[in-house]
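J.: Line by line, the protein sequences give chains A and B. The numbering of the first sequence is the working numbering, which starts it at 1 and goes up by one. The numbering of the second sequence is the working numbering, which starts it at 1 and goes up by one.
Just so you know, not all the hints are guaranteed correct.
Computed cross-link-like contacts, DSS-like style, restricted to lysine-lysine with a CA-CA straight-line distance of at most 30 Å [as the list claims (entries may be wrong)]:
id	chain 1	residue 1	chain 2	residue 2
1	A	K144	A	K83
2	B	K147	A	K94
3	A	K115	B	K39
4	A	K147	B	K94
5	A	K147	B	K83
6	B	K94	A	K181
Residues from chain B that face chain A, not an exhaustive set, calculated with beta carbons under 8 Å [to be verified]:
id	residue
7	V111
8	L121
9	S148
10	E185
11	Y187
These are computed hints drawn from the structure, not numbers from a lab. Ideal placement from N, C-alpha and C gives every residue a C-beta, glycine not left out.
Number of protein chains: 2
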Amino acid sequence: MSKGEETKQKILQQALMLFSVKGYEETSLKDIATSVNIKAPSIYAYFKSKESLFENVIDVVMDEYLFFIRSQADTDVSLPTEKQLYTLMDNLNKYFYKQNLGLFIKRYGLVPPEKFRDYLLHKYNESEREIRKLLYDILESSSKPYKSDLDTVVTSFICVLDGLFTYLVNYSEQEYEQRLKAAWEVYWQGITTS
Amino acid sequence: MSKGEETKQKILQQALMLFSVKGYEETSLKDIATSVNIKAPSIYAYFKSKESLFENVIDVVMDEYLFFIRSQADTDVSLPTEKQLYTLMDNLNKYFYKQNLGLFIKRYGLVPPEKFRDYLLHKYNESEREIRKLLYDILESSSKPYKSDLDTVVTSFICVLDGLFTYLVNYSEQEYEQRLKAAWEVYWQGITTS
DNA sequence: CCTACCGATCGGTAGG
DNA sequence: CCTACCGATCGGTAGG
Numbered sequence: 001m002s003k004g005e006e007t008k009q010k011i012l013q014q015a016l017m018l019f020s021v022k023g024y025e026e027t028s029l030k031d032i033a034t035s036v037n038i039k040a041p042s043i044y045a046y047f048k049s050k051e052s053l054f055e056n057v058i059d060v061v062m063d064e065y066l067f068f069i070r071s072q073a074d075t076d077v078s079l080p081t082e083k084q085l086y087t088l089m090d091n092l093n094k095y096f097y098k099q100n101l102g103l104f105i106k107r108y109g110l111v112p113p114e115k116f117r118d119y120l121l122h123k124y125n126e127s128e129r130e131i132r133k134l135l136y137d138i139l140e141s142s143s144k145p146y147k148s149d150l151d152t153v154v155t156s157f158i159c160v161l162d163g164l165f166t167y168l169v170n171y172s173e174q175e176y177e178q179r180l181k182a183a184w185e186v187y188w189q190g191i192t193t194s
Numbered sequence: 001m002s003k004g005e006e007t008k009q010k011i012l013q014q015a016l017m018l019f020s021v022k023g024y025e026e027t028s029l030k031d032i033a034t035s036v037n038i039k040a041p042s043i044y045a046y047f048k049s050k051e052s053l054f055e056n057v058i059d060v061v062m063d064e065y066l067f068f069i070r071s072q073a074d075t076d077v078s079l080p081t082e083k084q085l086y087t088l089m090d091n092l093n094k095y096f097y098k099q100n101l102g103l104f105i106k107r108y109g110l111v112p113p114e115k116f117r118d119y120l121l122h123k124y125n126e127s128e129r130e131i132r133k134l135l136y137d138i139l140e141s142s143s144k145p146y147k148s149d150l151d152t153v154v155t156s157f158i159c160v161l162d163g164l165f166t167y168l169v170n171y172s173e174q175e176y177e178q179r180l181k182a183a184w185e186v187y188w189q190g191i192t193t194s
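Make a model of the complete structure from these sequences and hints.
T.: Now the structure itself:
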């Protein structure tokens with residue numbers, strides 16, 4: 001990687017961190033530059049505007065997220081369905097707790113700024129579709145009968161996932177664990193015939 | 001109401017609207033003043049700073065929300081438990097779809113700005129506690145047996161509620177209705193013995 | 001409730 | 001990648 005490319009990547013990483021923690025308007029180009037040890041105008045050697053930089057960060061975050069979601073397709077199909085579904089839900093949430101990506105997606109996916117609204121929601125919907133695909137794969141390869149039709153089972157899963165997502169950052173990982181446990185217990189009882 | 005008090009209320013209302021739609025940093029005092037037909041410095045006749053104005057808006061929003069939550073305690077106890085719980089979930093969400101309050105709570109409750117973080121989360125937790133109280137009241141006065149213990153049933157309800165909350169503004173009310181239907185079906189099946 | 005005004009900071013450009 | 005610089009806008013104050 002060339003020196004210039006290296007700097008560009010550093011800018012993207014620091015911008016991701018600052019945009020996630022402080023927000024778009026609250027983060028100045030000077031903030032970003034300082035954390036990369038360059039001067040603010042130098043950023044324009046790599047990005048044509050603050051907006052453009054932000055859009056690049058969106059791509060980094062969402063591409064990485066989509067890659068992670070798709071990597072979850074490798075779960076062991078011999079495992080019981082419950083285990084597969086639970087692991088998926090937990091992994092998706094754990095992913096958010098581990099890095100700034102989760103905070104970024106929460107901040108800009110849930111309340112997208114006007115300027116980037118369409119772009120963000122498009123990416124956000126794409127990730128939901130990918131998760132739905134994973135769910136259909138798991139559910140269809142299972143012989144278990146479900147109390148509700150597949151669409152309902154899947155949509156409901158997404159809703160619980162989004163609910164847990166809400167607790168990111170505001171609550172400790174321990175509090176999250178408790179809520180996951182409760183939500184999962186009811187969800188699983190709700191879709192299976194006992 | 002005196003002329004001055006009237007203006008103060010107008011400022012609070014417009015500030016609520018703009019802070020909800022655009023965000024704290026993206027809303028200037030000039031924006032607020034213009035929409036109230038006064039000049040920006042005049043705001044200082046009523047509030048000592050932008051931060052102070054914002055805190056006042058927080059109080060308006062959360063007090064109104066708490067009042068609404070408590071008003072939900074008046075549901076007809078003779079109705080079946082399912083109906084009572086469903087109505088509560090739907091009413092809480094409908095409340096958000098009706099006014100800017102929902103957008104405000106979503107924006108600042110889910111990703112609170114550093115400066116107001118503690119204050120906002122405190123108010124937010126208070127509202128969750130009030131909702132939990134309503135749930136315990138409904139569940140305890142019911143003779144129905146539940147598959148999980150009360151804490152689990154309640155926490156899970158909150159999680160579904162928060163999931164649906166997530167769809168506010170990003171999705172149409174119709175899309176919300178579909179997701180509510182799916183989430184509710186599974187939730188209800190999950191807590192009751194069939 | 002207004003006019004006049006302030007220092008600080010913002011995103012961005014020119015030119016190297 | 002930097003220095004020097006720009007116009008615009010910000011929250012806020014003085015004094016009425």
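J.: Determine for every hint whether it applies to the structure shown.
T.: Consistency of the hints with the structure:
A hinted pair counts as satisfied when its Cα atoms are at most 30 Å apart, and A/K144 with A/K83 qualifies at roughly 13 Å. Among the hinted pairs, B/K147 with A/K94 is consistent with the structure: their alpha-carbon atoms are about 27 Å apart, no more than 30 Å. For the hint pairing A/K115 with B/K39, the CA-to-CA distance comes to about 27 Å; that is within 30 Å, so the pair holds. Between A/K147 and B/K94 the CA atoms are separated by roughly 27 Å; this keeps the pair inside 30 Å, and the hint holds.
For the hint linking A/K147 to B/K83, the alpha-carbon distance of about 20 Å falls within 30 Å, and the restraint holds. The suggested pairing of B/K94 with A/K181 holds, with an alpha-carbon distance near 27 Å, which does not exceed 30 Å. At a threshold of 8 Å, the smallest CB-CB gap from B/V111 to chain A is about 5 Å, leaving the interface hint in force. Checking B/L121 against chain A: minimum C-beta separation of about 6 Å stays under 8 Å; hint holds.
Against a cut-off of 8 Å between C-beta atoms, the interface hint on B/S148 holds, since the closest Cβ of chain A lies about 6 Å away. A hinted interface residue such as B/E185 counts as satisfied when its beta carbon comes closer than 8 Å to some beta carbon of chain A; here the least separation is about 6 Å, so the hint holds. Below 8 Å, beta-carbon pairs count as interface contacts, and B/Y187 has one with chain A at about 6 Å; its hint therefore holds.
Checked against the numbered hints above, the structure violates none of them.
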